[in-house]
Every structure is written in structure tokens, then in C-alpha cells.
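Enquirer: If you want the building blocks of each chain, they are given just below.
4 protein chains.
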Amino acid sequence: VRCSVEPMLRASPETLQARFLRVRAQTEALCAELSAEDAGAQSMPDASPAKWHLAHTSWFFETFVLSNTPGFRAFRPEYGYLFNSYYEALGARVARAARGLITRPPLSEIYEYRRVVTARVAELLETAHGPTDALRALVELGVNHEEQHQELILTDVKHLLGQSPLAPVYCSSLPAEPAAAVSMALPAHVFREFAAGLVPIGHDGPGFSFDNEGPAHLHYLLAYALGTRLVTNGEYLEFMRDGGYERAELWLSDGFRWKKQNDVSRPLYWDASTGELVQVFTLGGPRPLALDEPVCHVSYYEADAYARWSGARLPSEAEWEHAVRHEAVDGNLLETGRLHPRVLRALTENQSFGDVWEWTSSAYSPYPGYRTLDGALGEYNGKFMCNQMVLRGGSCVTPRAHIRASYRNFFPPETRWQFAGIRLARYS
Amino acid sequence: VRCSVEPMLRASPETLQARFLRVRAQTEALCAELSAEDAGAQSMPDASPAKWHLAHTSWFFETFVLSNTPGFRAFRPEYGYLFNSYYEALGARVARAARGLITRPPLSEIYEYRRVVTARVAELLETAHGPTDALRALVELGVNHEEQHQELILTDVKHLLGQSPLAPVYCSSLPAEPAAAVSMALPAHVFREFAAGLVPIGHDGPGFSFDNEGPAHLHYLLAYALGTRLVTNGEYLEFMRDGGYERAELWLSDGFRWKKQNDVSRPLYWDASTGELVQVFTLGGPRPLALDEPVCHVSYYEADAYARWSGARLPSEAEWEHAVRHEAVDGNLLETGRLHPRVLRALTENQSFGDVWEWTSSAYSPYPGYRTLDGALGEYNGKFMCNQMVLRGGSCVTPRAHIRASYRNFFPPETRWQFAGIRLARYS
Amino acid sequence: VRCSVEPMLRASPETLQARFLRVRAQTEALCAELSAEDAGAQSMPDASPAKWHLAHTSWFFETFVLSNTPGFRAFRPEYGYLFNSYYEALGARVARAARGLITRPPLSEIYEYRRVVTARVAELLETAHGPTDALRALVELGVNHEEQHQELILTDVKHLLGQSPLAPVYCSSLPAEPAAAVSMALPAHVFREFAAGLVPIGHDGPGFSFDNEGPAHLHYLLAYALGTRLVTNGEYLEFMRDGGYERAELWLSDGFRWKKQNDVSRPLYWDASTGELVQVFTLGGPRPLALDEPVCHVSYYEADAYARWSGARLPSEAEWEHAVRHEAVDGNLLETGRLHPRVLRALTENQSFGDVWEWTSSAYSPYPGYRTLDGALGEYNGKFMCNQMVLRGGSCVTPRAHIRASYRNFFPPETRWQFAGIRLARYS
Amino acid sequence: VRCSVEPMLRASPETLQARFLRVRAQTEALCAELSAEDAGAQSMPDASPAKWHLAHTSWFFETFVLSNTPGFRAFRPEYGYLFNSYYEALGARVARAARGLITRPPLSEIYEYRRVVTARVAELLETAHGPTDALRALVELGVNHEEQHQELILTDVKHLLGQSPLAPVYCSSLPAEPAAAVSMALPAHVFREFAAGLVPIGHDGPGFSFDNEGPAHLHYLLAYALGTRLVTNGEYLEFMRDGGYERAELWLSDGFRWKKQNDVSRPLYWDASTGELVQVFTLGGPRPLALDEPVCHVSYYEADAYARWSGARLPSEAEWEHAVRHEAVDGNLLETGRLHPRVLRALTENQSFGDVWEWTSSAYSPYPGYRTLDGALGEYNGKFMCNQMVLRGGSCVTPRAHIRASYRNFFPPETRWQFAGIRLARYS
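One line per chain: the protein sequences are E, L, P and W, in this order. For the first sequence, position 273 (counting from the first letter as 1) is numbered 273 according to my numbering, and the numbering increases by one without interruption. For the second sequence, position 284 (counting from the first letter as 1) is numbered 712 according to my numbering, and the numbering increases by one without interruption. For the third sequence, position 305 (counting from the first letter as 1) is numbered 1161 according to my numbering, and the numbering increases by one without interruption. For the fourth sequence, position 122 (counting from the first letter as 1) is numbered 1406 according to my numbering, and the numbering increases by one without interruption.
For reference, chain E alone in the conformation it holds in the complex:
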């Protein structure tokens, strides 16, 4: 299987039209090696078929960008029912768990749909005076939306392939890992200190952000310290060997119940059936567990229990954001093509962006002063602000242009199929 994650060439500065076309092409590149069968199956209600992602991201542009343009005609009116994700304001839709049953239209028609939508949006952006601000805003939202689904395509395909006893491979040419030169030689964890004080939080300034990243506001922080790197598989194994999954005092009450009910005793994708030599399923197929890689595919409950076991805690999202506010966005993101967390390459690397999303101790709530957008787009973020935890920093399957210090990802605490891991914090 040829590796389908080739970084798209990116002009600098890039016009909105160029960015739009690049992102659209990137999505298709990610699916290039998936058969119609691979692209059609749904492995669990939380995951969606790649075909659905391909269609839904086009429906998003069609609905929010194209439908108000003169002479608009829907590609196929039924698509609103099939490919609306969760917008109540836009009417009824296929039940989430039934997305894998949409065998008609065929995948080929979805690619045609993409072509038509891409061409029409690109044409809109091709004007003498440049697009209006309103159009720019909607296309930028659509592009960022599509980048979110690029990550979901990879997490969902991984989950699907991970069900199979045949250990199928999404991409056989993933780069080999470098020898672990650094991390295990470290004198355990190093923490960087931050002083107490009132700090700015939230997105401010130019550049795209989602509504949930604002308004920018002040937040008072106690003095704290943050781990300079991510927790590794080797460290997590120590927790496991110390009975971490059986010691109730380390767990939240909901977490311990979840663990028992679902018989969880190791991160997702770890196959312990071969005894001590743990195999890990990756998008490049099964590999032996690399002790120095960041631990990945753990739930909030596991991250929280690990932190408590280690004598530390998880950072709040404000602590995290304050610490990385002035860091450049760089790291093991989608464009490295690894599609897997990477061992630390230097003691100066702090893995803030990429590798794994970092669970924070913060429940996903509106920022002070937050107001949802009007209309259907008001449903984009605001209606999910309950029963979820915030994750920060992006992962090895997040596009680089998509992530920033103020970015708030969110999932329910039991979520494991996302590339999520652990950074420690403590009070000074």
C-alpha cells in the first residue's frame, strides 16, 4: 500500500483559494488508498465512514457557502438528509449509527460531488476584487472544518482496520522510528515553573479561530509547573505493573466504573495476547511497543489516574495555554507523514504541538462572555459544552495549519480512539 499522506505543497503566503484547493486535495489524498469497501464501513457509532466524511465536508460548503449564491441548485437534494451531521436547524438526518448503511450513492458519486463543489467554491473565490469578508469567513470556517475531518478520517479508519484479525495496513511506507536516544536516559520528569498571576487566555488578534476559543479574557493562575515532555509508554507500563488499573484510590469514581464495565486494562490498540511483548496496532500495521514513544489512545480517566499515581496531576487548559502561548507551532503533525507519536529527539523539544492531544483537567465550558453564532452555525461548538473534557495541542494526525495555542478540542472522558495522551502538571 502506497502511503497516501503526502504533504501538499504550500505557497507562502497562500491565498484563500489556494488554501481551499490544497485542503480539499489533501482530504482526497488521505482516502486515495481506501477501497469503496474500506471507505463505506462504520466500526462504531462514534466513528464515521471515510465516504461520509468526504461527502459531509462537501455538504458543509454547499450548505453554508453555495446555497445562498444566485442560481444555486443542490447537487442532489437528498444529500441534506444523508450528510448533515448534527445541525438540528437544517432538518432531519440519517441516524449517526447508520452512516455505514449509505451504500448508495456509490463512492464514485461522492467524488463527483466533491469535484462539483470544489469547482464552484473556487470559482466564487476567483473574483476581481477578492471575495467579500462574509464569504472569506465562511470559506475559512469550511476549510478548518474540513481539516478537523481529515483528522477524523484517520482516527476512524484506524479504528475500523483495528477491528480486523488480519492486521491490515492503511499505509505501508510509514517512516521507521529513530532509535530512542534521549528520553529514557532523562532523570525522570522535568517540570518547568510558572509564576502565579492574572494571565490572558483565548484567541486574540488576526487569523482564524473557532468561536469557542474566545472571547479573550483574563484568568488567575496559581504558581504551577508543567512537564517538559509527554508521558511515555515505558512510564505508563510502570503504572500498569504497579497495579494502576486495579487501585481504586487512583481513579475518579466514574472512571473506575467505566474501567470495570468495559474491562479496560491497557491503552487501546495494545495487544497483550502475546504476553510481555506487547504489539501495538498503528496505521502502518502492528509494531512492537516502543517504550520511549509518548503513550497514546488513553481516555481522560486513564490519564487522570496515571497522573495521580505519579504524584502529579493533569494541567488545566489555562495552565497549558499560558505555557505555550509564545511557542511556534511545530512538531510531529500530519505533515510529517508518520501518523504515529514520535520519540523525543532532543532534550530541548517539548512536544507541545503534535504527537498526541493532551488531556487537560478542564471541563469543556463556554469562556466568560461567550455567545454562540446566529443560525445553524451556532450549533457548531456551543451545544456540546457539557460532559466533555478539553484537549490541547493537536496530534500526529492534525494538519499543521489547523492547530494553535488557543485551540480547544473536546471529547467525553471515556474517549480512546483519538490520538490522546498525557502531560503532567503540579502546583509549585
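These are calculated hints, taken from the structure and not from any lab test. Here the structure is a predicted model, which means the values were calculated and not measured. Hints are supplied without guarantee of correctness; some may be wrong.
Covered stretches of chain E (chain L as the covering partner; in silico rule of three or more C-beta atoms under 8 Å from a C-beta of chain L) [what the hints assert, rightly or not]:
| hint | segment |
| --- | --- |
| 1 | 32-40 |
| 2 | 77-87 |
| 3 | 92-104 |
| 4 | 156-165 |
Ideal placement from N, C-alpha and C gives every residue a C-beta, glycine not left out.
With chain E fixed as given, assemble chains L, P and W onto it according to the hints.
Expert: Just chains L, P and W now, kept in the frame of chain E:
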């Protein structure tokens, strides 16, 4: 969409090899118009993807016929895990509800698997002295097994397509229905009388039968009468209009609870969203409800409630078998290519075979003296003899060569996605 | 705790009034040692509080016997809602699983309800010319109905007390068991032979019977043989030690799934937490497992698997009935006050009646010619004739006057809290 | 039924021993009119029987106060298994949903248990030099713990009685409501303004508090405004009449799904079966809905949807606490004996304490710097800090001595059986 149900030419008498090849080809013909996506999706745990049926029927020949031949090598050893249905003696297997996640191997490889298996079995049958009795018996079983899955392919594809809001069509060239010349002019139901007595039941004589059809034995019947035709949609509508679904006194206790919990108020595939003009989903797409067609896709609970409402009852399987024992097997079976029940064409037609499976009042139990086969094949029928009801007579998607008077089909009483309907009985 | 099961003196012949009064008093005697708390709790949806049984059996007489008498006034009109079991024709009622929430009216009021109903029915029976046939029939039904609930009171109280870690005792003065003098010395199982032929089945003649025991009819039996005694705990232990619960080939498909889902590996009430020395919870508290006692509290699935393991099978209900048709009703029934199965006392004892209900291989279906009664009483038996298996012979908590050769008890195959065990059969 | 909520006389200042004895007596007074049946039943897994509360609060003192004193002997060792609520460090315990099955020991023994524990703790407090600080701290915790269970006894008994079709009464002598003189004449809602700034949050200073109320810390607030009174039934009815329960745009995503799955269309305990004249079930039995009373028994989801509909929002817990920080604790608390929210008596009353717990928009998270206690008591609060929302202010069934400005109550967002209502907030 071209109609893929073309009756295969059938020599008479047909050698076992010819029958084997014809049945294998027929299975593929039924799937000819299904895309890889259509063939891969699973609409509910009880239904399987067409692709799985294509593979499983080949695995059956490979496992029970080929694996004991000299020089045997499995096509791919993992297929045992993927395509074993329920044979505990043959090891672990994919969970039933996860058959839709087998996107690898691709459908094309399954067709290759079929070609290899078909060729090798055909070769085995091609001997100077003819196959041994043991080989004949296993191939006959495999052929009958494959015919069962032909019916399941059609019921399962219908269920999958029936989920879609787009009303997709399995086959667009189904024959149009003749005008209803007869049934509604009938003076209601006519019953044929049978005298009390000790009668032979069960398969006896030459020709293939499943183990659950024997041993042949004696059974004492009271005098009874059997409806000369099937209950129609129009008659069933009267039951509905008389509040049949709301009148607890007409229902079994389990049935009334099932009805409430599942909010059932009409046969499966009836779409009443358009008011009085009921649309029915068929393998040829939606059609207006034809009042004179046999009612179809009802559960045992509904059949039983209808019978009670009409002042009659369902026949026992012995009553049914005694009545049709000497009838020729003819009717609206798979080979008519209609794939849907048919209106009565003459008063002399009694619809014993084909159209719809007829729910009987008999729980599925072993016949007196029944013993299961040794080995894995002992699991074929015997281990299901609990919590199921017997159906008789075959349906419009049953191959003609497959059905006979002694044939016992069985499903749990809440089953609706099979082509099942109603014949009435009463005591004389 | 004083033993509350004292056999009531029984005149012979006994008038209907005397029988009525004796049965009513017996019910109360069974509950004499239960506190209001014990009598009010419901340990699972299938079981009911003793208080509910006390009330429901009175409601039955009030509804079916008293409500049509001149000047009738309900004791309290709301009782129809609270204490109707399942009669749809009589209106809405408390959900089955919520019977334990009826803390008002208090238990004392329920006893008052009983006194009022008992007095009024007794008065009706006290007429110069004797009760009418219609009245007799209804009172006889009510008396038999109440006897069924006597058994349920004991099975349901056992289930409730069995939940407690304190091993509470229903009755501390149960008779000690005699030393096991006989059974284990037997040369395994002995089978009694019966010839093939057309035999009469079902209740015929005078004396009360339930509608499901008729009509009497003919049934053809193959030659068969029936175990002369029940299967013992010691024999069942051998099945367990031979891996019986893990060997799929011994089980029905539904049964093996049930076993896995419910993690079943021994009969209900066996406590194996102490290792080899199994403790068994009884109505007299925990006791060491007695190897020679009949095994009890097994499901149909377990009984069927055991029979298959032993090379035999379960009898059909017709085989069972034919064998005991002319036996006197005697054995370890409620009146012995043991409330637990008893070891075989002599080789000539065949344990047909009492000790444990015997699972048969027969699904619970209507007999040929069966018609339900008119009105609400038609719901008594007929509407349950689906998804249940027939048990025969009564148990150690069945009143002697209640059981007979034609008596058909029925429960779903997974039922374990009834006193149900195993008798073997085979074809000759 | 005599009203069992008589305010206990309270000396001022009150010694710890006096407070202890008063609280213990108050708990028993609340249960004085409950029969053993009423006290034993459990209406849902989230609620516990009053008997269990009576025992558990004693077990708490026995375990945390008495068990370390010289010569300690447990009242009954099994009680640890029966009456431990959720302390994993203290071993196995009865499943939460099975608390209603503890019919033995009887209620009378639980009262004896209380007497023994009360006497022994009182004796410990009766020392020449006064109790040690450590003992004081544990007894104070036990007293506050018992006050929490007083509230739960009333919410749980209300839920149990509310299941009954007989509309039973916990207390028939509840005070009649005054005529509604004020609220509906108000010009809608009035909001009090608060300036932005860094404010102190959390408990600080002497007096008991739970660990989750600290550490005291600084928090930055935007300028905001808080409703001066609670939302009333009449106002909530307007929301309902405006289609509030059907308009997805008003709801959180989880909330709308919860509403549909549970078929919620009005507050708990509102009986709309009589049409417009809504009956409300109270601890004094059913009453007509009083439009001017604060709305009660709504979930967080309903509170949030109402707030959005009204153009406002729910306050954060910091906003709430800052606003009431200097208010005296007064209001319709347990000691008024009303056991039901009360209409506003004067425009100057702001209902901050008592009447109903007020849902805040804050997820229940640890305060900055929070550390759990060592040992089993560390499980008291910390392990629940996930998936719950904070409520503030106490209710009509909260003891006055128990509530304060910094008090944090918490429940999952779907909770309805607590006395919880709505106060509005908005940004200035």
C-alpha cells in the same frame, strides 16, 4: 438496474456436478448488480452482508468437502475466522454483528475464492466411477446450504436497501403484477377439511433432506380445516382498521410487549407516511400496496394475532405437512423472478409453495427419535431447537429445487425481515 | 425463627368451603414469620413481594367471585390497579418491576383485606342448596390459583433472602436430612421402558384442572425409557468437573450464549467461594451440598446440557405424563415441611411428584383443540403459550392437593429460581 | 399523618455535643412517620431507602470516629458491607441498586444501632478538657454528613411516594401557602449588576466547610448581572407554551437527546393528565400548581434551555458566590417545615438560600490547589469531580446550619429528583 435473477437452465435429470455448478452460478448472478459497497454493509445483527454470504458458502465447501482431500491447502487460513458462521467445533470467529466490518479482503478476492473452490469441488465430482456416497452427501448438503443463503442474500439486501431514504432498487425490471381477477371476489376464506387420524410426518424416501426433517414418524391429528389460500394485504388492513394492533386480547403476552416496545403498527416495509395510500418497499423499489397480494413480512406474533382476530388459528406444522404431502412443488418461487408475493391467479391455486413462508403454531423442536449428526455438522440444525417457530412452504425468494413438503424453516417469533405470511386453520 | 409451614389439617372428603378456608389460612401461615419489610421487598422483576401475593390472591377472589354478587363494594377501588397481575381486560396496573414500591397500603391493611374477602367468599359458599356450579368453578379456580402463589411466595422469599450476605433464614426448624442410604450405591441410572403406541394425554374426568391440561387427546409415542429417579447433585458435579459448562457441543445455541452473558457456572444458590466445600443456600439457611439430593435450581439450558452430556435426553411432556398416569400423588411436597429436595429413601421410590419440577423437552403449546376461556379468565394460561418450556411433577414447595399427572407448569428456559431439576429419558 | 419536621431547639452558642445530639435526633424525627415498609423501599438506583440513610449515617460515625477508640467493638461487623456507601478503601459493599433488598436487619435494629452509636459518640465528646481537635473535626464532618442525608431522606421519600397512584402523604400538616402578593406583579425579571474584577472565591476563615470548598483563591469575573429572584412556575409555563421542549436550538445536544429518550416535557412531579389544571406532587400530597412558586425539580438541561429561551443564561458558581458572599443565611430552609418552595414574600427578598438549589453553569471541578484528604475520607468529594454540575444555595429541605455561601452541591446534569430550580444571569 438490470434484473439479476435469471433462472439458470436446468438439465433433467441433472447430475450432481451440474446441479453444483448451477447453484454456485446462481448465487453469483444474484449478486451481479451489487457494488462492493452494497455487498459489504450489514444493516442489523441478524442480517449479513452479501459478500459474507458469498464467502461463507465457499468456506462451507472448503471446510466440509475439500479439507479432507489429499494435498489440500486453505485458500487463506484466516478465512476460517472470518467466514465461519456458528460452528463452535471449528473455533473462534468474527462476532455476528461485526460482519459488516470485514472490508479486507476485498469483494474481488472473495470472487476469486469462489472460483478456486468451485473448480476444485467440480473436479472432485469429475471421476470415472462417480463420487463416493460420502462425498455426494457432503456436496448435496453444501448445495442445499448455499440455496438457503441465496434466500438470505435477498432478504438481507432488501433490509439494507430498505433503510435508505432514497428508495434504491435491487432490480428495476421485476415483472408487473397482473390485475387482481380473483381473490377479492371470493366469498371470504374457503377451508379444506381433513379427517382426524394417525398420519405420517417427516421426510422419508430418496432425495436430499435436512436432518431436522426426520425421522419420519406417526402423529395423531384431530379433524381440521386449512385455508385454501394465503391471507391478503386487504384482509390484513381490515384487522388493522379494526384496532387489531391495540387489542391486547388478540395477542400473546410476549407479542403484545414486543409490539409496544418496538412501536409496531403495520407489516415491515409498509410506509404509511403518505396516509391512506400505503407504499410498500420491494426489491423492485416502492410500490403502492396491492390489496390482493398475500400479506408479507409479518412476525409470528402478528400472524397469530391476525388469526385470532379472524376467528381462526394458525395451523400446526403437522397439519400443514399432511395437507400438502402429495402436492407438486410449484408456485411463485425464486425462478419466477418476481421476488415478491403474487396475487392468486385462479381459484384452484392454493399457494402452498412459494410466495411467503407460512408461520405455523409449532415451536421448533426435535422430531421423536431425532439425533444430531456427529462432529461440527451436528451443529447445523439441532442446537437451534429452542425459542423458535416453524415456517413452511418456501417463499418467492426460495429456489424451487430447495423446497418440499417436509421442509422445516425456523425463526424467532419476532422475525419480520423474512418473506413470511399467514395461512389460516381451524378445527372442524 | 419458628417454622411457618405447618400442614393444615384436611378433612376427607373436604367441602369446597373447608378447602377454601384451609388454603387461605395456609397462605397466611407461610407468611407468618415475614416482617413487613421482608414481605414488601422485590428482589427481581420476575419475583414479587410476599405482600403482593397476599393481596393479589385476594383481589382474584374479589374480582372473579365477589364482584358480580349483589351489593358488592370493592374493599378499596385502587387495589385493582395495584394488584392486578397481567389481565389486560381488567385495565392498567402497576408495572411488574415496581411491585416492591407499594409501601402503602401497609401489610396490616392487606391482612385486613384478606379477612374481609375470605369471610365474604366463605359466606357465599354457605348456602342451603350448596353453591351453584358456576360459583363452585370460580372458587375452585381461585383456590388453585392461590396454591400456585403459595409456591411463588416460597420461591420469591428464597430469592430475596438469598441476596443477603447475612444468610438469613426463612425457617430455622427444617427437618434434618436422613443419611444418604441409597442413591450413590446405585449402579448409575436405571431406566424403565415404555412401549410405542398411541396414548391418551391430558386431563379427563372429574376433579379440577386448568384449561391448559385439556382437551384430552391422543398422542403417538415412540418406545422410550425414563430414569427411575432424579439426577443428583453428585452426578451434576461430575458434569461440572468434566468441563460441562465450557463445552459448547453440549449446549443449545441460545443456552450457551445465555451462560456466557450471565457468567453461569453452577446451579443457582451454590456458593463456591469456599472452594470444594460448596455451600447451598436453602430456606433453612446455608448448608453443605448433599451429594445425594436431587440437583435443583437449574435452568432448562443446564438440564438439557446435562442430559446430553450423560448420553441421554430430557423426556417430552407426553412421555412423562404417560409414565406417571396411574401413580398416586405422593412425595416430598409442601406438606412435608422440608422446603428442599430430599434424598431417595428407597430404590422403589421414583420421585415423580414433589422434590423438583422436572424440565421436559416440550415447548409450552396449546393442546390440539384447545380454546381459551371467554373474558378476562381467557388470559389465565393461553396468552403465555410461546417461548416457554413445560415442567412436570411439582416440587417440595407445591401443595399436594395442587399437583397431578396432567399438570403443566411452564417457565422460560433461562429460569432458575424455581425448584426445577432433571429426569433423564432415552429412546429404547 | 402528623408532620414530622419539627425544628429542633437550638442553643446559641451550641456545643459540639449539643449540635451532634440535635442533628441525630432531627434525622430520626424526619423518619418518625415512616413505616418499616416506607423506610425499606428503594424507588430507583439513585435514591436510597430511609432505613439505609439511618444506618449509613451511623456507620459513618462508627467507622471514622469510634473505630479508633480503645476497646471498640463493631455493633455488627456485617454492617460494613451493608452500609458503606462508596468508600473503596473500606472494602466491598452492597450494590447501590440493591439497597432496597436489605430487609434484614429490621428497622428496629437500625434504631438500636443509632442509639448505641449516638451514646458512644456523645460520651467521647463529654470530656473534662473538651474533645481533641482531631476528634472535633471528625465529629463535625459526621454531623455535616448526616445533614446531607437528611436532605436525601426527604428527596428519596418524595420520589418513592411519588411513584404511587394513591398519592400518599409524607406529612399532612404542611403550612398552607400565602397568597401570592408580589411576584407576578413584578415587571418581569430584575437583575442586580456586579462589576468586573478579581474576587476571592472559596471558604476561608473559621467554621466547618467541606474540602471541595477550598482552597480559597482568586478568580477573575467579567461584569455581570444576576436575577434578584428565582424563576417561577408561571414563567416556566410560558417557556413550555412557547414550544420550549421541542425547539432544539434552545438545548444542549446531550440535553435534547436526554429529553427525547426519556420523553420529558415538564418538570418532575407535574401531573398533566388532568389537562390545563396541573397537579403537583409534594411531600404534603398533590396540590394545584402555584404559578408564583419557584419552579422546582428541573434538570440542568431544562434550566439551561429555559435560560437560553429567556435571553439570559445560568450564572457561574463564582458569580453566584461573589453575589451572596456577605448575605446572612436565611430563607425557606428545612426549619420552616414547609418542605416545598415558597412564593416571594417581599420585593426585597432574593431567595439566595433555601427554596431550591440553583443550577450553575459550572462543571464540578477541583479548585486550584485542591488536594484530597488522606485515607478513605479522601473519597468523600474528590473522586466525583467529573460529569457533574455545581448547584448552590440549599433548598427547602436543607438544614439551615448546613448551608453557606461557599457550599458546593453537585449532581449529574440529568438529575431531577433533587429540589433544584433556576436563577438567571447575564453579562452586563
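Enquirer: Please go over all the hints and tell whether each is borne out by the structure.
Expert: To see whether the hints hold, each was checked on the structure:
1. 32-40: holds (count 5)
2. 77-87: Held - the segment 77-87 of chain E has 3 residues with a Cβ nearer than 8 Å to chain L, which meets the minimum of three.
3. 92-104: holds (count 7)
4. 156-165: holds (count 5)
Every hint from the earlier list agrees with this structure, and none is contradicted.
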